[in-house]
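Visitor: Quick mapping for you: the protein sequence lines, in order, are chains D and X. Under our numbering, the residue at position 278 of the first sequence is numbered 278, and the numbers go up by one with no gaps. Under our numbering, the residue at position 209 of the second sequence is numbered 209, and the numbers go up by one with no gaps.
To be clear, the hints were calculated from the coordinates, so they are not data collected in a lab. Please note: incorrect hints may appear among the correct ones.
[What the hints assert, rightly or not] With a straight-line Cα cutoff of 30 Å, these simulated DSS-like cross-link-like pairs (lysine-lysine) come out:
id, chain 1, residue 1, chain 2, residue 2
1, X, K113, D, K100
2, X, K113, D, K158
3, X, K113, D, K71
4, X, K113, D, K156
5, D, K143, X, K70
6, D, K47, X, K113
None of the values given here were measured: they were computed from a predicted structure.
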Amino acid sequence: MWKKNNIQLLLITVVGIFFLSFIRSKSEQSLFIVPAKWPEPVYDFSKNKLSKEGFELGRILFYDPGISRDKTISCASCHLQYTGFTHVDHNVSHGIEDRKGTRNSPVLINLAWNSTFHWDGGVNHLEMQPLNPIQHQAEMDNKLQNVLDYLNGSLKYKALFFDAFGDSTVNTKNFLKAMTQFTVSLVSSNSKYDKVMRGEEKFTTQEKNGHKLFKQHCNSCHKAPLFNINSFKSNGLPIDSVYKDVGRFAITHVPSDSMLFRVPTLRNIQHTMPYMHDGRFKKLKDVLEYYNDGIDHQTRYLSTELRRDLNLSDNDKKDLLAFLYSLTDYTFLYDKRYSYSKIP
Amino acid sequence: MKFVLTFCILLSTIVLNAQQTEVSFKLVLPDSNNFVIKTFRCYISEICFKYANGDEFKEQNSFHLLDLEKPESFQITISGAPKKELASISFNIGTDSLTNVTGIMDGDLDPIKGMYWTWNSGYINFKIEGDFIMESQTNNFEYHVGGYLAPFQTVRKVEYNTIHPEAIVITIDLSDFMNKIDVSEMPVVMSPGNNAVVLADKFVSVFHVEEK
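Generate coordinates for the entire structure from the input sequences, incorporating the hints supplied.
Guide: Laid out in structure tokens, this is it:
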């Protein structure tokens, strides 16, 4: 009689555990939703299963200046949500002690679909990216060991890490996995453009014409729905005199990679000025003028897509700008789930 | 059921652990009148035993960081390799390209070990730092050799014939290495490229298996 009860109890427990784990995996799946008709993400979620705890921990870390050497610089210092998670109005960013960097802060939008990171693609996996700003002397100027010591010295952080990973000892792996659970979740797919594509709204006449022009002149590299491709291209920018940035060549040392840069996304482009790897264009209008008739078509290794002037009329330019503005996603820019958070 | 499974795993672990093979690395340091080695770290990965009958045994999760500051790291204990007539041992000096693109890993591959480039993702396959003395002047040299992108791959796969299944000893002759390179011409190599490839080629040539 006792044995039978025991077996029944065991069975109920096993079924219960199975049921609960099924429920949990369902909620994990809903944490990252691939928008309808979008390509599959590049990021391998199987090695870092998203959880509410992991995401919230990553979010707290993102906004914590304690990660920097002198506790003044957080990720959000150069990646502000309201401006597409970039450092608006700065050609290059400044970090600790007002030290200036050498490149324009990229937007953190739809990173799950990127195969490389940085303007030169030097980072090949999203999980490894935080190591850069943490250790860069002009950004956070800290050592990885200091960060781990800081986190392990906080009972609250240890508790959060335990909730997320079942281990209260903070190590490199769990720290980076937590950060990635946040950054990979920053998905922008609800701009006016997206709503039009879903049949929920209609373009204005200007936007419609702008869309037509975009498909004709821009879409091969700034390909919908991500509005970028995982490629390096040269748009003929002459090398700058201050940083002498050679782009992808610095990574590969392959001559034909000279002055090639990662194609950035155009989502939320209205709010992410200035533009290009060194922020040399303050206004979107300036970018348009450059592509229209400012490119030196003799530039070595120039992208084959840019071999001719666009010859846009003034009205065409206005329409194209109107279309680019339709890529602004206010849901994303003001989504409270991605906003400032700190240790409770 | 879980209890039975755990017991089986425990039992098999005990049984397998009884079959252990030692792979040791021995560092030969150069004459301190010419060179002083201050840092030496090197990844050994994908250790594989090949047997006379054609069988193979591949170590799981095979990543080891040899570190001059940790003498115990030069002794690698491999569990579970069958005690058959051994024909050869093969391994990578460094990490393969897949390892370099996989994202965050732990153990000896943890970036905290100081063997990972952040700005140009990838592992430093081996690191040798120290002083060289020339005409009574002491200068520094620093070699951080890595890179997995073509055409500058610096991982090197080696295979040695060996006939001692229990204890395999591999010598890394740094004295020979320092003599093979012109350190005054090239005292610093800190990124992937031609120079790193040159060093990787010279480095692999100073590995030898000890025949007792």
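Visitor: With reference to the structure, classify each hint as holding or not holding.
Guide: Here is what the structure says about each hint:
With a CA separation close to 28 Å, the supplied pair X/K113 and D/K100 stays within the 30 Å bound. In summary, the hint linking X/K113 to D/K158 is supported, as the alpha carbons are separated by about 22 Å, within the 30 Å threshold. For the hint linking X/K113 to D/K71, the alpha-carbon distance of about 24 Å falls within 30 Å, and the restraint holds. Of the supplied pair hints, the one linking X/K113 and D/K156 holds, its CA atoms being roughly 26 Å apart against a limit of 30 Å.
With a C-alpha separation of about 21 Å, the suggested pairing of D/K143 with X/K70 holds against the 30 Å cut-off. Restraint check for D/K47 and X/K113: the C-alpha separation of about 22 Å stays at or below 30 Å, so the hint holds.
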